[in-house]
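Full structure from sequences and hints, please.
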Amino acid sequence: MNDLPHFSEKNNLELSIIRQVSDEAEAFYPISVELGDHAAYALQRSHRSQLTGLENITECAFKTTDIFDYIKRQTARFDYWRKSFPSHSDEAFGLRLKNYLEYDLAKKRDKICASDRLNIGGESVRERQLRRRVYLLLIRQCIRQMTVQYEFRVSLVPEERRG
Amino acid sequence: MLSPTQLQQVWSLSDEVLYGEAVVFIHQLVKREDCQPLPTSQVRGLLNIARTTQYTELERYIEHQRKRDWNVKNRYLKTFYTELEKLLNTMKNKRLGQEFQLLTDELTRIEMRREVNELMAQLAHEFIQHLVAENALLMTESMVGQRVRR
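Protein chains in written order, with the working numbering: chain A, 1250 to 1412; chain B, 19 to 168.
These are calculated hints, taken from the structure and not from any lab test. Please read all numbers here as calculations on a predicted model, not as lab measurements. Any given hint could turn out to be false.
As the list claims (entries may be wrong) - Straight-line C-alpha distance at most 25 Å; calculated DMTMM-like pairs for lysine to aspartate or glutamate:
no.: 1; chain 1: A; residue 1: K1360; chain 2: A; residue 2: E1275
no.: 2; chain 1: B; residue 1: K110; chain 2: B; residue 2: E75
no.: 3; chain 1: B; residue 1: K49; chain 2: A; residue 2: D1339
no.: 4; chain 1: A; residue 1: K1332; chain 2: B; residue 2: E159
no.: 5; chain 1: A; residue 1: K1356; chain 2: B; residue 2: E39
no.: 6; chain 1: B; residue 1: K110; chain 2: A; residue 2: E1372
no.: 7; chain 1: A; residue 1: K1357; chain 2: A; residue 2: E1263
no.: 8; chain 1: B; residue 1: K112; chain 2: A; residue 2: E1372
no.: 9; chain 1: A; residue 1: K1357; chain 2: A; residue 2: E1283
no.: 10; chain 1: B; residue 1: K112; chain 2: B; residue 2: D123
no.: 11; chain 1: B; residue 1: K110; chain 2: B; residue 2: E81
no.: 12; chain 1: B; residue 1: K49; chain 2: A; residue 2: E1340
no.: 13; chain 1: B; residue 1: K85; chain 2: B; residue 2: E75
no.: 14; chain 1: B; residue 1: K49; chain 2: B; residue 2: E103
no.: 15; chain 1: A; residue 1: K1357; chain 2: B; residue 2: E39
no.: 16; chain 1: A; residue 1: K1360; chain 2: B; residue 2: E34
no.: 17; chain 1: A; residue 1: K1357; chain 2: B; residue 2: E34
no.: 18; chain 1: B; residue 1: K104; chain 2: B; residue 2: D52
no.: 19; chain 1: B; residue 1: K49; chain 2: A; residue 2: D1328
no.: 20; chain 1: A; residue 1: K1356; chain 2: B; residue 2: E34
no.: 21; chain 1: B; residue 1: K49; chain 2: A; residue 2: E1351
no.: 22; chain 1: A; residue 1: K1357; chain 2: A; residue 2: E1304
As structure tokens, then:
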């Protein structure tokens, strides 16, 4: 760990990563809720398996781009992934989600990895691996929060309207 | 067999470099050179062959597709395979060692060839997977656009 002078032990670094990611996840919670509402509007109760699939991919992925590719494929394949959310967002659900994960969360990763926080650069193999890990953890948190909101929102639809 | 470090490097490259390049590659072809998104049959063929571990098989497939006598309607596929071949050749002959720094030092020529093929199989698979996902979006965009125009 010579290239990361702030942390003498692996466990310290791991704990710091988890704490920083959790802090950031608290901050983006309102956005995840909006995405969850959009998901409930677009996918409705009948396409719950779509979010289960996304959660599975997100939890197992070694690369962030596996998640983006999955969202792109589903968006291309199913029209409900392309539904906008009138009076909230003109963007298609899939593209809105992908863009948030790909651009906004990448900025949050950079913020967390900056020298005043985790101080993880992007030069060595180890540092690049750590940055990828931070990014994946942020994405996982966002997808979890979004899915919980989706479940909550679809559960509010009265039984007789569920079809 | 790639080392765990090499695999980590490939994953980082896939996220940081190949994803963006695949998106730009397919957009440039579809929008600037008057091509169309790849049809499903081509996507399926390319993905299947990219999943094999033998990079030489993928090279042969791309060369075969490039040399095919495409009819006028599908002439853009020749452009696509020509550009893809060029990109992968540059990756193999220059970027793999110089820019990506993935090659192990002090290997024999045979070991080196084997390592290059294994790395290229991984990198090409990553690139093609990203390209195909973006292509799917472009294909849908184009179909929805056609429906609206009608």
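Here is what the structure says about each hint:
Restraint check for K1360 (chain A) and E1275 (chain A): satisfied, since their Cα atoms lie roughly 15 Å apart, inside the 25 Å limit. A distance of roughly 15 Å separates the Cα atoms of K110 (chain B) and E75 (chain B); the hinted pair therefore holds under the 25 Å criterion. At roughly 24 Å between alpha-carbon atoms, K49 (chain B) and D1339 (chain A) fall within 25 Å of each other, so this suggested pair holds. A C-alpha spacing of about 13 Å is found between K1332 (chain A) and E159 (chain B), which places the hinted pair at or below 25 Å, so the restraint holds.
For the hint pairing K1356 (chain A) with E39 (chain B), the CA-to-CA distance comes to about 20 Å; that is within 25 Å, so the pair holds. Among the hinted pairs, K110 (chain B) with E1372 (chain A) is consistent with the structure: their alpha-carbon atoms are about 22 Å apart, no more than 25 Å. A hinted pair counts as satisfied when its Cα atoms are at most 25 Å apart, and K1357 (chain A) with E1263 (chain A) qualifies at roughly 18 Å. Taken as a hint, the K112 (chain B) and E1372 (chain A) pair is honoured in the structure, with Cα atoms around 20 Å apart against an allowance of 25 Å.
Restraint check for K1357 (chain A) and E1283 (chain A): the C-alpha separation of about 18 Å stays at or below 25 Å, so the hint holds. Restraint check: the Cα-Cα separation between K112 (chain B) and D123 (chain B) comes to about 16 Å, which is no more than 25 Å; the hinted pair holds. For a cut-off of 25 Å, the pair hint linking K110 (chain B) to E81 (chain B) stands: about 15 Å separates their Cα positions. A threshold of 25 Å between alpha carbons decides the hint, and for K49 (chain B) with E1340 (chain A) the separation of about 22 Å falls inside it, so the pair holds.
With a C-alpha separation of about 15 Å, the suggested pairing of K85 (chain B) with E75 (chain B) holds against the 25 Å cut-off. Of the pairs offered as hints, the one joining K49 (chain B) and E103 (chain B) holds, with about 19 Å between alpha carbons and a cut-off of 25 Å not exceeded. The suggested pairing of K1357 (chain A) with E39 (chain B) holds, with an alpha-carbon distance near 23 Å, which does not exceed 25 Å. Our distance criterion of 25 Å between C-alpha atoms is met by K1360 (chain A) and E34 (chain B), whose separation comes to about 17 Å.
Of the supplied pair hints, the one linking K1357 (chain A) and E34 (chain B) holds, its CA atoms being roughly 16 Å apart against a limit of 25 Å. Distance hint between K104 (chain B) and D52 (chain B) is fulfilled; the C-alpha atoms sit about 19 Å from each other, no more than 25 Å. Distance check on the hinted pair: K49 (chain B) and D1328 (chain A) sit about 23 Å apart at the alpha-carbon level, within 25 Å; holds. A hinted pair counts as satisfied when its Cα atoms are at most 25 Å apart, and K1356 (chain A) with E34 (chain B) qualifies at roughly 14 Å.
Our distance criterion of 25 Å between C-alpha atoms is met by K49 (chain B) and E1351 (chain A), whose separation comes to about 23 Å. About 20 Å separates the Cα atoms of K1357 (chain A) and E1304 (chain A), which keeps this hinted pair within 25 Å; it holds.
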